[in-house]
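Chains as they are written, first to last, in my numbering: chain B, 231 to 703; chain G, 1195 to 1394.
Calculated from the structure, these hints are not laboratory results. Worth double-checking, as some hints may not be accurate.
Computed from the model, here is a short list of chain G residues facing chain B with C-beta under 10 Å [claimed, not checked]:
no.: 1; residue: Arg1211
no.: 2; residue: Pro1216
no.: 3; residue: Ala1239
no.: 4; residue: Tyr1241
no.: 5; residue: Ala1320
no.: 6; residue: Arg1322
no.: 7; residue: Ala1323
no.: 8; residue: Arg1326
no.: 9; residue: Ser1369
no.: 10; residue: Gly1381
no.: 11; residue: Gly1384
C-beta atoms are modelled at their ideal positions from N, C-alpha and C, and glycine is treated no differently.
One letter stands for each residue in the lines below.
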Amino acid sequence: MGRNPVTWLGSPTFPDAARRSLGDTQLRGNLRKATTTIRGKRESAVAELDDWEQLRRAGEAVKDDVLANLDTYLERLEAAVSERGGVVHWARDAEEANRIVLDLVRQEDADEVVKVKSMATAEIGLNEALADGGVDAIETDLAEVIVQLGEDRPSHILVPAIHRNRAEIKEIFAQMPDPPDSDDPRALAEAARKYLRRKFLSAKVAISGANFGVADTGSIVVVESEGNGRMCLTLPETLITVMGVEKVLPRWQDLEVFLQLLPRSSTAERMNPYTSIWSGVTPGDGPQKFHLVLLDNGRTSTLADEVGRQALRCIRCSACLNVCPVYERTGGQAYGSVYPGPIGAILAPQLAGDLHDEQAASLPYASSLCGACYEVCPVRINIPEVLTHLRAEVVEAKGKRTPEAMAMSAAAWVFGSRRRYEAAQKAGSLTRLLARGGNLSSLPWPGSKWTDTRDAPVVPKESFRTWWRRNRG
Amino acid sequence: MGSARDEILGRIRAVERPESPPAPRDYDRVRHADDPVALLAERIADYRATVYRAAARELPYRIAERLDGRGTIAAPADVPGEWRVPGVSWLTDDPPLGVSDLEEADGVLSGCAVAIAETGTIVLDAGRAQGRRVLTLVPDYHLCVVHADQIVVSVPEAIERLDPAGPLTFISGPSATSDIELDRVEGVHGPRTLEVLLAA
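Looking at chain G on its own, in the form it has when it is part of the complex:
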């Protein structure tokens, strides 16, 4: 008996299969929105996440406002210095934090790589200001900063921008389930509170 690999590939090759024409791509690869920022805000809010808007220069004040009184906040090592506002104690992922440290944290602050307006999705790619996947997973509160130039309208535009090499996480609202009577309920294993700060 040959290897499973050879046998499976052999079974496939033994089947006469018709040539397939290239897939039609006549769907909308780019979609237009009059105000992508407003659309993103509306769609994120539909998932019962909270959206706040901030002018770029007032961003640190808005971050401080959101984090005020929250205690210990975890952050990737490379978040911009001005995001580390006073009033909370910062838990920086350098050296790498243990899972138990993150269990203790009251929340996490991160940036993102891309945001999809039409679906209300933010995408993390472990790049700048996002850190390791575990950081934005274990704490129960996640504050995510989105810049205007990170926003695209459609899913195809987002896929095109993303680099498949890094680990990616698409986040659309807080953790939820539809497993009880097919009705969406927020709050299972991921962060139960998601707040998005749109800096635009």
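So that you can see chain B by itself, here it is in the shape it has in the complex:
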């Protein structure tokens, strides 16, 4: 089994990457503008529904039911899709999923495929794997086109090119055969329409992800805005859908919850422009060959973690990114994964499954634990809880020889006896000699590790215990 590509090979740890992106004023400006807009809109879209809280609780409970009975629902989905003429494949990891898809594309003699935006295929690095196999994967979602043509990396779950403003997009689109003549979003959208039209009409194979898959009926759901999804899901002869195993929903009725939660949380609309739902193959209408690839890639090991498994409830709305003060300042690429922001900080390291990896281990620290993400999450994932849980696991994985672990065991020794504790307090008040203006701004090593980036408060002259003994004792 190879390395899980959910985190990007060679990415710096989060603090290093964050320091770099904080220096990019253009990036910070773009992000502040975009996230401020969407935050306001989401609030009013949500406020319109009096039963929002009940919907969130229903969404949470349905997803917990999915996780509790995942094997049953997956078998049910497989049976329903097969019964309606689809073919179901299973992939343990990224490598296996990529091989399955490449083989299917080759069977159709295609050297070009059109793609609907999909987190699962981005997670497994499908485009790169197809390119290695001689197949061109053409992204058709506007933001993905911006990322692909800009030879860039995504920085947001819903809008992978959120870090680009209109002027930058116009520049990237200058390489199109029919480039836009202004940076008006309308002109940019028009340029993308022309660029992709011919590709849609000639493609033999399309590849999509799935927002939901209904076990009872075999219905696959793709939620989108532009119509590129409809094009891919309707015109080509063959459709291959890659779906994370946790995306299954038990019953048809469950869609009534998620088709309310998702659009209002993600694009902050009452409903997104287009939602396509299909079951297997419909004779004479749309693709006549349908393949569903069910992807594990770290999901079952995430399921095994009692606290961490709630991350698998995620419906990829990205509301948590838009409210996160850390994300707004560092941008998505600092997280070094297709899953950035608060959800990425708990999902990426769990899917990657290796907390000895420095970069993955740095992600649970990419948060101030303010809790805004939990408040907006439509399926009530307690992200701060999982973050602290993962931090504990990171510390555990580091073993007993790190400075942090040694400091902690020294502290345990000090706290273990009254005499040692009081002696330490006295020693602590000596640091007053280093203070200027009520703050300690530069301590000698190892205290400098703390004071390099922040001040420490001055320790009082006298501890409470000494004061008590002097006055009341």
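Got chain B; can you put chain G on it based on the hints?
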């Protein structure tokens, strides 16, 4: 090494998972609106689609008014005869039209299965007067007729009415994107002009 299927299912079964209680369904499954037709019209218009209203008996005149001067209009084979108004040339999906025929068409006329007032959504289920999905996708102009008895207020009411067997398309306004600075702009790949005729 066993099959991927067995291994994945085995990994899941090896995890001790707590029983989960049935999901609470205390959200509003049915919502009330004083005038569902007016609500639908208002919400569709919010997406910058255009809404027209017609009394049932004047429907053909209203269709003719909308299509006047538009040239070639594609239509599913089973649209009601009275919808095929004179003044345009009709391109019927029987035998099935090719994609290039649809590229040439100036628009498409269809009915719908359900409309959701609260979200301004029309849903096509490939049933009567709707045809194959490609018909309402490739032409740049879509005129959709909605009858009063097809309108529900909430999303749950719509899900209950729909048959999951057929391919479904939920349409809320014309094709749009929020990908540039998270601001909604109409007109990308789907029909850039959506007009809805409410026959009620």
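Now the hints, each set against the structure:
Annotation: Arg1211 (chain G) was flagged as interfacial toward chain B, and the flag holds, the nearest CB pair being 5 Å apart, inside 10 Å. A cut of 10 Å between beta carbons decides the hint on Pro1216 (chain G): the least distance to chain B is about 8 Å, and the hint holds. Restraint check, Ala1239 (chain G) versus chain B: the minimum CB separation of about 12 Å is more than 10 Å; hint violated. Evaluation of the Tyr1241 (chain G) hint against chain B yields a held restraint, the C-beta minimum of about 7 Å falling below 10 Å.
Hint on Ala1320 (chain G) holds. Least Cβ distance to chain B is approximately 6 Å, under the 10 Å limit. With a least beta-carbon distance of about 14 Å to chain B, the hint placing Arg1322 (chain G) at the interface is violated under the 10 Å criterion. With 10 Å as the threshold, the beta carbon of Ala1323 (chain G) stays out of range of chain B, its nearest partner Cβ sitting at about 15 Å, so the hint is violated. The interface hint given for Arg1326 (chain G) holds, since its Cβ lies 4 Å from the closest Cβ of chain B, which is under the 10 Å cut-off.
Proximity of Ser1369 (chain G) to chain B holds as hinted, the smallest CB-CB distance being about 4 Å (cut-off 10 Å). Hint status for Gly1381 (chain G) relative to chain B: holds, with the closest Cβ pair at about 6 Å, below 10 Å. Among the interface hints, the one on Gly1384 (chain G) holds; its C-beta lies about 3 Å from the nearest C-beta in chain B, closer than the 10 Å criterion.
The structure fails to meet hints 3, 6, 7 from the earlier list, while all remaining hints are met.
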